[in-house]
Amino acid sequence: MNRVRLQVAASPHVKGPDSTERIMWSVVAALAPITAAAVWYFGLSALLVIAASTLGAVGTERFLGRHGDGRGTLSDGSAVITGLLLGLTLPAGLPIWMALVGGVFAIGFGKLLFGGLGQNVFNPALLGRAFLQAAFPEPLTTWPAVGGSWWALRGDNFAMPLMAPQVDAVTGATPLGLMKFERITTPVTDLFMGDVGGSLGETSALLILLGGAYLAWKNYLNWRIPVSVFLAVGVLSSVLHVIDPARFPGAPFMLFSGGLMLGAVFMATDMVTSPVTNRGAWIFGLGIGALVVVIRIWGGLPEGVMYAILLMNALVPFIDRATQPRLFGTGPPVERRKARAAP
Amino acid sequence: MTSFLARALSFRHGVHPPDSKALSAHVPIRRMPFPREVILPLSQNAGAPARLIVKPGDRVERGDKVGEAQGYVSVPVHASAAGTVKAVELRPHPNGSMSEAVVIEVDAHSPQLPRPRIVPRWEGLTPAQVRSAVQDAGVVGLGGAAFPTHVKLNPPEGVSIELLIINGAECEPYLTSDHRVMVEHPDRVHFGIRVMMQCLGVSRAVIGVELNKPDAIEALTRTIPEDLDITVQGLQVKYPQGAEKMLIHSLTGSEVPSGKLPMNVGTVVQNVGSIAAIAEVFETGYPLIERIVTVTGPGVVRPSNLIVPVGTPIRDVLEFCGGVTEDAREVVFGGPMMGASQPDLDAPVLKGTSGVVVLTRSQVTPRRVHPCISCGHCLDACPVFLNPSLLGKLAQAGRHEEMRDNHLMDCMLCGSCSYVCPSNIPLAQMFALSRSALSRDRERAKAKEAREAAEVAKAAVADEERVA
Numbered sequence: 001m002n003r004v005r006l007q008v009a010a011s012p013h014v015k016g017p018d019s020t021e022r023i024m025w026s027v028v029a030a031l032a033p034i035t036a037a038a039v040w041y042f043g044l045s046a047l048l049v050i051a052a053s054t055l056g057a058v059g060t061e062r063f064l065g066r067h068g069d070g071r072g073t074l075s076d077g078s079a080v081i082t083g084l085l086l087g088l089t090l091p092a093g094l095p096i097w098m099a100l101v102g103g104v105f106a107i108g109f110g111k112l113l114f115g116g117l118g119q120n121v122f123n124p125a126l127l128g129r130a131f132l133q134a135a136f137p138e139p140l141t142t143w144p145a146v147g148g149s150w151w152a153l154r155g156d157n158f159a160m161p162l163m164a165p166q167v168d169a170v171t172g173a174t175p176l177g178l179m180k181f182e183r184i185t186t187p188v189t190d191l192f193m194g195d196v197g198g199s200l201g202e203t204s205a206l207l208i209l210l211g212g213a214y215l216a217w218k219n220y221l222n223w224r225i226p227v228s229v230f231l232a233v234g235v236l237s238s239v240l241h242v243i244d245p246a247r248f249p250g251a252p253f254m255l256f257s258g259g260l261m262l263g264a265v266f267m268a269t270d271m272v273t274s275p276v277t278n279r280g281a282w283i284f285g286l287g288i289g290a291l292v293v294v295i296r297i298w299g300g301l302p303e304g305v306m307y308a309i310l311l312m313n314a315l316v317p318f319i320d321r322a323t324q325p326r327l328f329g330t331g332p333p334v335e336r337r338k339a340r341a342a343p
Numbered sequence: 001m002t003s004f005l006a007r008a009l010s011f012r013h014g015v016h017p018p019d020s021k022a023l024s025a026h027v028p029i030r031r032m033p034f035p036r037e038v039i040l041p042l043s044q045n046a047g048a049p050a051r052l053i054v055k056p057g058d059r060v061e062r063g064d065k066v067g068e069a070q071g072y073v074s075v076p077v078h079a080s081a082a083g084t085v086k087a088v089e090l091r092p093h094p095n096g097s098m099s100e101a102v103v104i105e106v107d108a109h110s111p112q113l114p115r116p117r118i119v120p121r122w123e124g125l126t127p128a129q130v131r132s133a134v135q136d137a138g139v140v141g142l143g144g145a146a147f148p149t150h151v152k153l154n155p156p157e158g159v160s161i162e163l164l165i166i167n168g169a170e171c172e173p174y175l176t177s178d179h180r181v182m183v184e185h186p187d188r189v190h191f192g193i194r195v196m197m198q199c200l201g202v203s204r205a206v207i208g209v210e211l212n213k214p215d216a217i218e219a220l221t222r223t224i225p226e227d228l229d230i231t232v233q234g235l236q237v238k239y240p241q242g243a244e245k246m247l248i249h250s251l252t253g254s255e256v257p258s259g260k261l262p263m264n265v266g267t268v269v270q271n272v273g274s275i276a277a278i279a280e281v282f283e284t285g286y287p288l289i290e291r292i293v294t295v296t297g298p299g300v301v302r303p304s305n306l307i308v309p310v311g312t313p314i315r316d317v318l319e320f321c322g323g324v325t326e327d328a329r330e331v332v333f334g335g336p337m338m339g340a341s342q343p344d345l346d347a348p349v350l351k352g353t354s355g356v357v358v359l360t361r362s363q364v365t366p367r368r369v370h371p372c373i374s375c376g377h378c379l380d381a382c383p384v385f386l387n388p389s390l391l392g393k394l395a396q397a398g399r400h401e402e403m404r405d406n407h408l409m410d411c412m413l414c415g416s417c418s419y420v421c422p423s424n425i426p427l428a429q430m431f432a433l434s435r436s437a438l439s440r441d442r443e444r445a446k447a448k449e450a451r452e453a454a455e456v457a458k459a460a461v462a463d464e465e466r467v468a
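Note that the protein sequences, when read in sequence, are chains F and D.
In this text, residue positions in the first sequence follow the numbering used here: the first is 1, and each later residue adds one.
In this text, residue positions in the second sequence follow the numbering used here: the first is 1, and each later residue adds one.
Bound conformation, chain D alone (with noise of 0.2 Å):
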């Protein structure tokens, strides 16, 4: 307990930004009022989107199923509001895309309690029931990737799994979520790395937090069940400290081979709000209908921690933080680093939406671009050390192949080296869309290989019939 102050572990490289989360650090979570409509795109989550099975004119009642898991590496979505389907139709999406979604209009006069449901009693569940549970709940990573959470949960055959570890670092400016669960709810990050545990059948898990939270590594030590063999580690605060490969070397030393994923060095890593969403799940029974989202940065009137319902629209939110600043020019899902810049303020939050972070006009003004200069800051700075010099300059000849041959796959765009670029050159920008040229051009490699193979095909056939 006295010692975790002593020792901030942390990985190599990396950026200082700075951290700006006095804003809503110490602001108490609150819950926001049911909007008068939810929005709940099918695709929330990474992997296959939801399937429909709503139509327009059903009654919901909050935290029934709109949309169904379609496979193993999705998830159900569930109605966060009582209410009529409006509509199903293409509505903004936070990925900037129109996407199909169900309009739900909220029932003004509904209690909005969810149905009474059974709470499954998670002692008695096989790890298979666990997972089952929670796929059908919904719940996925609620640190902004979204990627179901029930698949982490599943090592394959022969992989064992050694330590569980809760990521706290929250190291996102602005971000102050996952730090307001850790203070308010510490017993509820507990049990749901309980219930964790013996799912995976860890003996040991490690809670790593940045040691700009105090007071969450405090409440989180307090509290830890004597039963159970869990660390709170203090982290150096240094971006991107919450990178799962990032944290795992911070906290075991061991780098997760190229290519490969956590399970290989023998860990699962799950996120503090994905962790407390799957201790709902068995607490309570809910599905995961609402999330925390801090709202927050200098262009909201009054930055707040809310409970908001999945589905709501930004315009909501931001309207019940009292509304955006004159010099307001950017809103950002999740946090400014790796965040999605918002062109429209009626996408609704999702349940991968950990903040909306409002910025301003000093703050996001277009900087001149001034050719590379060498000055070798952005291989200081990148976390799986990568050249981005090099890489950018292949980027701007075009030369995708190369990139991939030096390392482009394994970026993870977190956007260290465009944060020091003193020439401004946007590296992780550039690299997001060489990579997507690639798959492009592997698209259209197979296309074509496919077309010559039935050229030939038909060839052939045209051959034999003229010998007959």
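This is chain F alone, in the form it adopts within the complex (with noise of 0.2 Å):
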């Protein structure tokens, strides 16, 4: 017999098809088409926006980045999913620098410095968001409005660093906005399709919807939670429309306005920052659902679907705990299933 060279490692000797790797690209391509209509709808600024934060994400990956095994890290795809969410979330018209500095800080301070991959309690993007949000409130919540140009920049993205932005565009008001203090809304159909102000991934909320079926259907994200947040804001909101219909915007207006569908969908789904159990996994999407509702309608801010997904990140490892799967061969009796067919 011809001579082999034997390879010898534990069991099991065949490995399933997946990997972090593809998941993780997989998760880009369901983005590509959201980025695709964000710079449709809002022109180069959106291009040049999401460019800068994923640049910056990518860049800080690429130098800090490092594996057990000392090779870097940007291979598994997970910083270019970071840059992009957090480019999703910003307005049009935000200077770039500002757009690379979130980049930046959502990669070096939401995940490196947890530990990298698999190791933050918070979803990285919407630390980097809330960063911004804390550093540079004016420019975070200054909504360009939709149409004009392709080539018309939004706002003014080549502002220096630290100077103060020339805001000379249109501006127009969110559907959120105008809803909390116009108490005007915005018909479903235009929040569906994406026509509307907004940061640069709320807008279409059919693509996300697409790229999150995809995702579910590969398993590559736990269907359950956007099903629970979706469930919680929809259950919460049309109870207080019932109770005050002028007070109270109903279900479809709540689910298709602001963050909500990009957040359920692409952001609460991370898989290192949500629950690792299935019954975690309603827990955890119901409360963001139900903090969603309470931030937006009594809360001091329009939006609040960063701060719920923030909030029940850092309750994770608690609903972790609480809802270990029971061990088979602990469970009650159960009654004897017939072993043969009927006679």
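A few of these clues could be false.
[Unchecked claim] If you want the ones that stay clear, here's a sample from chain F, every Cβ over 12 Å from chain D, calculated:
#1 V14
#2 F158
#3 A159
#4 M160
#5 A205
#6 H241
#7 V294
[As the list claims (entries may be wrong)] Among the chain D residues that face chain F by a calculated CB cut under 10 Å, a handful are:
#8 F11
#9 F147
#10 Y174
#11 A328
#12 G339
#13 H407
#14 C414
Hints listed in this document are in silico derivations from the structure and should not be mistaken for laboratory results.
In this text, a Cβ means the ideal position worked out from N, Cα and C, and glycines have one as well.
Two independent chains are provided; combine them into the complex using the hints.
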């Protein structure tokens, strides 16, 4: 017999098809149409902002991210997701240096400081966004209107670092802002297709849902999380709407406005910062949904998705501990299934 | 008969590796020629190894004992070929160690007929006599664990067995030996069941077969003896359907309590191959000296199902199947999910070797390990509902005690978690290591206690002497 070089390994000797890289790059693929839509609606500015935040995230990962084996961690794709997601939460007119700083912060403080992939407590993209909102509240809440030439900048994208941006573009209010401060409700069809003001990725619910459905079908996101978020938001806002329709908008508006879609489908479902158990996923999602409604209706901010997710992120270790699976062979006695077909 | 396809019973969780059985599923069983020497390790079964009863130079006939059972959870080892005992020495064992083995130089001119023996008439035997005949024939579970069969036939006082379950799931990818037995020798399976039912005093038996073996289901259903209450039940194709606890759950709906045995829920599970071996004992009187082995995998030139004398070196088995391909890299005993890869082709086929699977380079190239991203896929895979993600993190931190508190001891090491892990974390391997670390700690603690007790006693004696 021919000589063979034998290799010895521990079982199992065969491996399933999924890999971390494949999961991460699939998420990037699912985000691609949403990013394209943002660029379509908000023009060159959108491209600049998303590119800057992604560059900040990827660059930080490239220089600081190290795996246990000493090799870089860029190829796992998670930094690209963080950069894209952060970009999608920003307004189109944001100076790009701020977007870049946000990307650096998201990866550097949001992920690497905790110990890298898998170790972070909070969603890095949302942490980056929270940082930007705290540091630069005004540019972060200046929402350009949709429309106009693709080439026209929607704000002072090229403002020098640490200089006040010159806001001279047409600004528009977001549907949530209109609802909260002026009691004007935007039609749901506009919300669904994305033809409204807001952050870059808040626009098209349709594309977000399609991307999410693709990932759920591949089992790359836990469908229980977005479903439970929608459930909580839908039920709570419907109840409030029934109590006082004039004051509280109904479920469709609440579901399709603001960052809820993007947050529920792409951010709450971040595997690292969401519960590992399925029962935990339900609790986590319901908690986010409830917090979103509470912040939007009674809080000082028009939008609450970001803080709702970050707050629930902090609870994940406790949720996980409380929802450990029940060990096989410790359940209540089961009614014996008949082991044979009826005669 | 019409309903078995309609209701594919199953358990919760589990994984779906490609079954890869087409390579050998339709290859009829053939007998391979005797090798030049057979290597019979005295330790081939779970429990105590056999006690050596031959010495170098002895002439043995095929079927003669070379090792005697040593205690209750132990079985004898028989010569699988006629010849001369060449040596009793340390030889490579498939578990990776060197182990004491009887090496027999096979007599090339012997007709290899076992000595004529009295075939026990099973109808007249008491359960105890059946058990001792089974033990004497060296029968162990042929599914891989090699647990002595007679022990399973002896439920303790007060435990009533209502159902005999025959495991024909063969859920490991690639393996087809049980499949071929069911297709080619369904009568032998039913005869074995008859003897077992009588011995256990049960009136009902179920054969569980995964639905990827419709010809086996058909053959078994067609040949059910009219006077026996035997059902053939189709099962969903899912790993680990053939794990005892999963199989019982699929077929009866009950969960074997954590840390308990199948008999606690009124069942006894026997593998199809073991049943056929029992049938052999009461049909011909032959002990377990050969077994059916699937030699397969993309690295084997001619995948086959072979009758192999126990103790045949892997090298001879592979050579008989046309050798291995250029890109063969790993030789696994058993299936690829739980089998052990072999460092040495001179190690022999044992009683518990259900298959020899040769995997190729592209299949076994090590993949980069990433950190756990808490995707939860392992929780959805674990058939006993553990949290492998958490256990893996604890294992990395060396927190073995906490792992035990998180039910490490209920892990069957089935490998489903490792199979699905997208970060390629070797979870099952880590769990096996943690378990051995725990048992080592326990032994150390025991030794320390004994040492301290001895010191205290010594000090007390010295004290007394001083007082005196």
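Hints versus structure:
Listed as a non-interface residue, F/V14 fails to keep its Cβ farther than 12 Å from every Cβ of chain D; the least gap is roughly 5 Å. The beta carbon of F/F158 is kept farther than 12 Å from every beta carbon of chain D, the shortest such distance being approximately 37 Å. Separation of F/A159 from chain D is adequate, the least Cβ-Cβ distance of about 37 Å exceeding the 12 Å criterion. Listed as outside the interface, F/M160 is consistent with that label: its C-beta sits roughly 39 Å from the nearest C-beta of chain D, beyond the 12 Å cut-off.
Non-interface call for F/A205 relative to chain D: holds, since the shortest CB-CB distance, roughly 25 Å, exceeds 12 Å. The beta carbon of F/H241 is kept farther than 12 Å from every beta carbon of chain D, the shortest such distance being approximately 35 Å. The Cβ of F/V294 lies farther than 12 Å from every Cβ of chain D, with a closest approach of about 27 Å, so its non-interface assignment holds. For D/F11, the interface hint holds, since its Cβ comes within 10 Å of a Cβ in chain F; the closest pair sits about 9 Å apart.
Annotation: D/F147 was flagged as interfacial toward chain F, and the flag is violated, the nearest CB pair being 19 Å apart, outside 10 Å. Here the hint on D/Y174 is kept, as its CB sits about 9 Å from the closest CB of chain F, short of 10 Å. Satisfaction of the interface hint for D/A328 is found here, the shortest Cβ-Cβ separation to chain F being roughly 5 Å, below the 10 Å cut-off. Look at D/G339: its Cβ gets to within about 6 Å of chain F, closer than 10 Å, so that hint holds up.
Annotation: D/H407 was flagged as interfacial toward chain F, and the flag holds, the nearest CB pair being 5 Å apart, inside 10 Å. A hinted interface residue such as D/C414 counts as satisfied when its beta carbon comes closer than 10 Å to some beta carbon of chain F; here the least separation is about 8 Å, so the hint holds.
The structure fails to meet hints 1, 9 from the earlier list, while all remaining hints are met.
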